[in-house]
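J.: The whole structure should be built from the sequences, with the hints applied where relevant.
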Amino acid sequence: MTGGRRFLAKVYVSLKPTVNDPEGNTIAGALGALGFNVEGVRSGRFFQVTLDAADGPGAEKQVAEMCSRLLANPVIETYTFEVAEVQTNRLS
Amino acid sequence: MRFAIIRFPGTWSDRDCHHVLTGVLGQNADILWHRETDLSGYDAVVLPGGFSYGDYLRCGAIARFSPVMESVTRFASRGGPVIGICNGFQVLCESGLLPGALMRNESLQFRCEWTHLRREGGRTPWADDIGEGEVLRIPISHGDGNYFADEATLATLEQSGRVVFRYVDAAGRATPGANPNGSAHNIAGIINARGNVLGMMPHPERAGEQLVGGVDGNRIWESIMKESLAVVG
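Here the protein sequences line up with chains E and L, keeping their order.
According to the working numbering, the residues represented by the first sequence are 1 to 92, in order.
According to the working numbering, the residues represented by the second sequence are 1 to 233, in order.
Source of the hints: derived by calculation from the structure; they are not laboratory data.
Treat the hints with care, since some could be wrong.
Among chain E residues calculated to face chain L with C-beta under 7 Å, some are [claimed, not checked]: (1) Pro22; (2) Val49; (3) Asn73; (4) Val75.
Distance condition first, Cα-Cα at most 25 Å in a straight line; then the derived SDA-like pairs of lysine to any residue [what the hints assert, rightly or not]: (5) L:Lys226 with L:Leu57; (6) E:Lys16 with L:Leu57; (7) E:Lys16 with L:Thr153; (8) E:Lys16 with L:Gly182; (9) E:Lys16 with L:Lys226.
A partial selection of chain E residues facing chain L, derived with a Cβ cut-off under 8 Å [claimed, not checked]: (10) Ser14; (11) Val19; (12) Glu23; (13) Leu70; (14) Ile76.
The structure presented is a predicted model; accordingly, all values stated were derived computationally and were not measured.
Backbone N, C-alpha and C fix where the C-beta goes; we use that ideal spot for every residue, glycine too.
T.: Following this line, the structure appears as structure tokens:
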């Protein structure tokens, strides 16, 4: 733990636009079969990471590093994230 | 020759590799838990197939941070022969020892079947005993074997002879129908620039005895064994 404030990061990982997404294509086909007028679907992953940091920029720096080192594979994926502070009921 | 076979939590082909290397081919081999970091005394490292860490996040993404992988990277950087089979190939790509990535099969289906592989150019101790153009029959067993790399990387691999095995039909033609998973350029196996690290999706250890339907997988083990003899002799 690196300091007093708690943050929640919402991380979105998806395949690069240039990478074929058979899962997304299959889901798009299924939605079309249900009668929806779907132009396309891209599949991806969503993570909620709770972390401690000294401040907002510190939290964002950690999350960016998590994404580039583990949560996303830069060969095939891109990521975005948003970070917000959460309230803790800490005494002292 | 002494092989180190790495077992991550979820590895499943370690015993098959051990059986073929010791029982069929008469070599020495140990199965090492992924927390082991000492690879001294080993002539080659095998990263076998399976579902390390349950394939959580991405196949091989978490195994890549296992303690043993630092030692494997050092072993490879000194020119030590490393083979990654199936999940082992995925681990090698995730760890950056090989370029590209293995994505979900284009069919979205797990494919477990015999495939034909054509030996392409490129020097590697893992396949130098196999003539260029020769076709081997070795099975695959994976849901994520769809090799992807950007166009520049594919061009580099092709031009430098680093595509070692390509999926072909029984007649040796690299047709779309012979491609079981959607891999770019029908790629089944590649090597690093130095040639000592091979990653391949098909399982040579599952083609080690006539009893299981074929012995072509032994050509890969015999190749590295011959290489090792040449170094010693």
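J.: Does each hint hold? Answer for all of them.
T.: Right, here's what the structure says about each hint:
1. Pro22: This interface hint holds because 5 Å falls under the 7 Å limit.
2. Val49: 13 Å, violated
3. Asn73: 6 Å, holds
4. Val75: At about 4 Å, which falls below the 7 Å cut-off, the nearest Cβ of chain L leaves the hint on Val75 of chain E intact, so it holds.
5. L:Lys226 with L:Leu57: The hint is violated at about 38 Å.
6. E:Lys16 with L:Leu57: 17 Å, holds
7. E:Lys16 with L:Thr153: Holds, at about 16 Å.
8. E:Lys16 with L:Gly182: 17 Å, holds
9. E:Lys16 with L:Lys226: The hint is violated at about 43 Å.
10. Ser14: 13 Å, violated
11. Val19: Status holds, d = 6 Å.
12. Glu23: For Glu23 of chain E, the interface hint holds, since the closest Cβ of chain L sits about 6 Å away, which is under 8 Å.
13. Leu70: Result: holds, 7 Å to nearest chain L Cβ.
14. Ile76: 5 Å, holds
Going through the hint list in order, the structure does not satisfy hints 2, 5, 9 and 10.
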